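Q: Listed below, chain by chain, are the residues.
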Amino acid sequence: MEKELKKSVIGEPMDRVDGRLKVTGAATYSAEFNIPNLTYAVLVSGTIASGTITAIDTRAAERAPGVLTIITHLNAPQLAGYQASAIAANGKPNYRVFGGDKIFFNGQPVAMVVADTFERATYAASLVKATYQKDEHKTSLEDNLANAISPSRGKDYQRGAIDAYKTAPVQVEQTYMLPTEVHSPMELHNTTAMWDGDKVTVYTKSQGVKATQQSIMNTFKLTDDKVQVNSRFVGGAFGSALRTWPHEIATVMAAKKVGRPVKLLLTREQQFTMVGYRPKTIQKIGLGATADGQLVGITHESYSQSSVFEEFTEGSNNVSRFLYASPNVTTRYKIIPLNVGAPAPMRGPGEATGAYAIESALDELSYKLNIDPIALRLKNYAENDPERNLPYSSKYLKECYSIGAEKIGWSNRSQTPGAVKEGDWLVGYGIGCGVFGAHRGRATAKIRINADGNVNIQCATADIGPGTATSMVLIASDALGMPTDKITFELGNSAFPQAGQQGGSSTVSSVGSAVHDASLALKKKLMELSGKTESDLSPGNYTDIIKQQNLPYLEITQGSQGGDEGSKYSMYSFSAHFCKVHVHSVTGQVKVVKAVAVVDAGTIINHKTAGSQMIGGVVGGIGMALTEEALFDDRYGRYINGNFADYHVPVHADVPDIEAVFIDKPDPVLNPMGTKGIGEISIIGFAPAIANAVYNATGKRVREMPITPDKLI
Amino acid sequence: MNQFEYIRATEQAAAVKALVKDANTQFIAGGTNLIDLMKMGVAKPDKLVDITRLPLKDIKKTPTGIHIGALALNSQVAENSLILQHHPVLALALNSGATQQLRNMATVGGNMLQRTRCGYFFDVNMPCNKREPGSGCGAIGGINRMHAIFGASESCIAVHPSDMCVALAALDATVTVLGPKGERRMPFADFHRLPGDHPEHDNTLQKGELILGVDIPDARQTKNVAYLKVRDRTSYAFALVSVAAVLNIEGGIIKNAKLAMGGVAHKPWRLHAAEASLIGKQATIDNFKQAAQIAMQGAKTYKYNEFKVKLGHNTIVQALKTAASVA
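So the sequence lines, in the order shown, correspond to chains A and B.
Residues in the first sequence are numbered consecutively from -14, following this note's numbering.
Residues in the second sequence are numbered consecutively from 184, following this note's numbering.
In isolation and in its complexed conformation, chain A is listed as follows:
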């Protein structure tokens, strides 16, 4: 309560602290460290989907000008951390970069050329000729559903009666397909590595430098003092930089081999095969309800693609277990191992896929029942978490519904599809909900106040775009009672105190708590040194205390983590996405003309960057619904559109006015700031909002994304 009496900076729409650096080009991204004596690596991508390399002819490449080395499985240095056997402990084939002659997917790196310039390395790479013994490959999800397996993670779930929807008077039973989507950050994945004796320094695109450091330590059997990882600026990642990929290991390996710094930049085409994607998923939804719209049962089955060498699972069924108060829920989850690269989490991993299916099916049910889709959601509103039988720490989804309905003009919607027209354009309105777990991980921050009154905070977290440093400055400013321009926050350096990866919408909750706690610890130390009480201590005293103590600075390192809240509460962020679409009655073109995203994500630290994050997620949702699809030619097991011209991410002209609205009420449980998380719920639920609006406009239900004009004529 005391907090609310003084003016807080929390929530202020503050410009990014690194905004000027970014827009002026002064921010140095990881591929921009032009270290003296730098060499350039280019990967040669394999061209078959399954089989064995029988020969690699590197002679012409070796003779090409400027070439320093060519690494293949035949000459790759053995890495201490690599398992020697071809079969890993889990029984799967052991995919290690240049670790053997087996090919598991098309585009798998088969060689790395290192040369004195990027152009020479690129040219030499084109001269490397691999020959293969081809094996039969499988890349089609549809054709291989019979090979579905139950993964070791992602267990099936049952509440109440099995497939109870089949007993209900009103039923929806439909199948929804979401194609493979590729993260497509603007910045390509890249790694620069340089060794100094037995110590290696790495600049890489990473969502968590500590995790990258650990991977390199494990693979090269090094201690943490021998591995320095930097990733200060990241030009988007969306989950693709949540793991240490083979190309990163290969670069560190190559730098050791040539004894010079090596820089590797993937090509855009290699981004489609080497750094993950959202896996294509077929989902079967069964919904059963009473005639007045009470859900009787939900069944949600997912069939998702994975690679032949790893199990990738995600929570696409999770949403159906708790978003609505159905007494009976059945979820089944299977993966289909295919000759494809490993999937990776992509913004709203699992939940975005699952919400597309369940929120589409619920919309279908609303028409069968002739009940307004919002009324249907309210009718089945879960006041408590029906999966875990726990109260929600906070849930303002009802408010999200009503605010969004008002802002989009829901009252103009007709319950009869195709009833509203504006000229040649059919008009439709749609809603889709997003939900994602609100998490708090362990994090540590080091805070230092100098005698001149400037405060510096360090933590090995990342900023892939949300404006992490800016939020952290606001949190520290609030906790210390100091102006923001006296505070700097540094991240992206593995030598800084521990933080988890930037993923799962958890950074502000985790790192923000550490910054908050470190700031309070610093104040406490100042009180101890000065003998002042909390009410005596004011920001104006800080430097005086340090000077009185004859200290150059005062520094505290403070760890922070949650308690047992998770066993008492169910903690989630919620969003309600609304959109208005135009569908051309003759050509089938879809235009999203307005989007409103209403968000219950607890306290908002910075309305400006949070708004930007919501806009970014909504644009991702537009891509999911209308434009994005990575297409395989299964005969060759190769992408047919693996480039930026043919794989369509939305462009500005696809993006309408997007209004992000925050409920901005603190979550009383998760962390001291009252925040939850934004990154995932910005996209989760937006694609079904569009699909539902398209149905409302046209009466056509497209159950295979993306909704392109050919599907609507």
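Treat the hints with caution; some may be incorrect.
To be verified - Take a look, some chain A residues computed to stay more than 12 Å from chain B by CB distance:
1. Ala16
2. Lys87
3. Asp141
4. Arg217
5. Lys353
Stated by the list, open to error - Distance windows between CB atoms, simulated:
6. A:His637 - B:Asp380: 36 to 46 Å
7. A:His592 - B:Pro238: 55 to 65 Å
8. A:Met171 - B:Asp380: 42 to 52 Å
9. A:Leu363 - B:Val307: 53 to 63 Å
10. A:Asn132 - B:Val307: 23 to 33 Å
11. B:Lys227 - A:Asp42: 15 to 25 Å
12. B:Tyr487 - A:Phe629: 20 to 30 Å
13. A:Asn129 - B:Tyr487: 19 to 29 Å
The hints are simulated quantities; they were obtained by calculation from the structure and are not laboratory data.
Treat the numbers as computed from the prediction; the structure is a model and nothing was measured.
Note that beta-carbon positions come from the ideal geometry of N, C-alpha and C, so glycine has one too.
Guided by the hints, dock chain B onto chain A, whose structure is given.
A: Frame of chain A; chain B shown alone:
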């Protein structure tokens, strides 16, 4: 990208000579397509002759129409007042293609010479008769959603990706080229060719020939025009189908009609029979539908592009509605 020699031509005859002399030499102007193809290993010229210094940039009035130099930039043409006044359909088509940045680099001649965007053509690890004669067509039994429904052959079903060329085909433009034996002129419709047994040839240019420019004859009236491009995203995407429509309507009667389609064939696809069906008729939706039906006769579809028949029909109707301002 292979290593290559680069020279800069300062006069037309020398440029032609340079191309005739060496077997594997290509002209380069804006480079917006050729450089991509070189990076992908699809084009492997030994020598490039940069022609951007040649004096072929004029857009000017002539006694019979408007001349556009081959090196005029796409964006210059799209913004040119003569073009906007006399042939707005060309500006509409140009502005629906590529991006502003690409249009600022790409030339008119280069636009005419751009290669197909067929994914099998672009991937050197796939079969493609256009890229590598005799290797087969990956698209016929593959992902052929973007591919041709008219004029294709057993060896190639690729489409020409240009928007500009669709408008120029509708406008009855003429192409002037300079070759070792001097200048020659041809109707725009004869510039590009159908794939037949030689899909490696996109057009009828002879060895060493340089495009000098395009001439568009005067049009009787310029109000009733439309360029409608249906695509998978709103900008920076190739056409699923596109339609250029140029109508001459007097007293509610269609006196003349010119229609061409993009995204359906190996070349801009002129719709002569549909045009003929409109002449002398009233500008009504029923007549537009009849013309569209005639236009789509004889379409041959593949596994993934069946939709183009209906989409083509609908796009013609919509383009005619827009051109004629019929609601």
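Q: Just checking, Arg217 of chain A versus chain B, shortest CB gap more than 12 Å?
A: Correct as stated: the minimum Cβ-Cβ distance to chain B is 29 Å, above 12 Å.
Q: Take the C-beta atom of His637 of chain A and the C-beta atom of Asp380 of chain B, compute their distance, and say whether it sits inside 36 to 46 Å.
A: For Asp380 of chain B against His637 of chain A, whose Cβ atoms are near 43 Å apart, the range 36 to 46 Å holds.
Q: Lying within 15 to 25 Å: is that true of the beta-carbon distance Lys227 of chain B to Asp42 of chain A?
A: holds, 19 Å
Q: So the hint says 20 to 30 Å: do the beta-carbon atoms of Tyr487 of chain B and Phe629 of chain A match that?
A: Hint holds: Cβ distance 22 Å, inside 20 to 30 Å.
Q: Is the Cβ of Asp141 of chain A more than 12 Å away from each Cβ in chain B?
A: For Asp141 of chain A, whose nearest Cβ neighbour in chain B is about 34 Å away, the distance exceeds 12 Å, so it holds.
Q: Just tell me: holds or violated, for the beta carbon distance of Met171 of chain A and Asp380 of chain B against 42 to 52 Å?
A: holds, 43 Å
Q: Determine whether the non-interface label on Lys353 of chain A survives the test: each CB of chain B must be over 12 Å from its CB.
A: Holds, because the least Cβ-Cβ distance between Lys353 of chain A and chain B comes to about 28 Å, which exceeds 12 Å.
Q: Has the hinted range 23 to 33 Å been met by the Cβ atoms of Asn132 of chain A and Val307 of chain B?
A: This hint holds: roughly 31 Å between Cβ atoms.
Q: Taking 19 to 29 Å as the stated bounds, is the beta-carbon spacing between Asn129 of chain A and Tyr487 of chain B within them?
A: Cβ of Asn129 of chain A to Cβ of Tyr487 of chain B: about 20 Å, so the range 19 to 29 Å holds.
Q: Just want to verify: Lys87 of chain A was marked as not at the interface with chain B; is every Cβ pair farther apart than 12 Å?
A: holds, 19 Å
Q: When you look at the beta carbon of Ala16 of chain A, is every beta carbon of chain B farther off than 12 Å?
A: holds, 18 Å
Q: Range first: 55 to 65 Å. Now tell me if the beta carbons of His592 of chain A and Pro238 of chain B are that far apart.
A: Given range 55 to 65 Å: holds, Cβ gap about 56 Å.
Taken one by one, the earlier hints all hold for this structure without exception.
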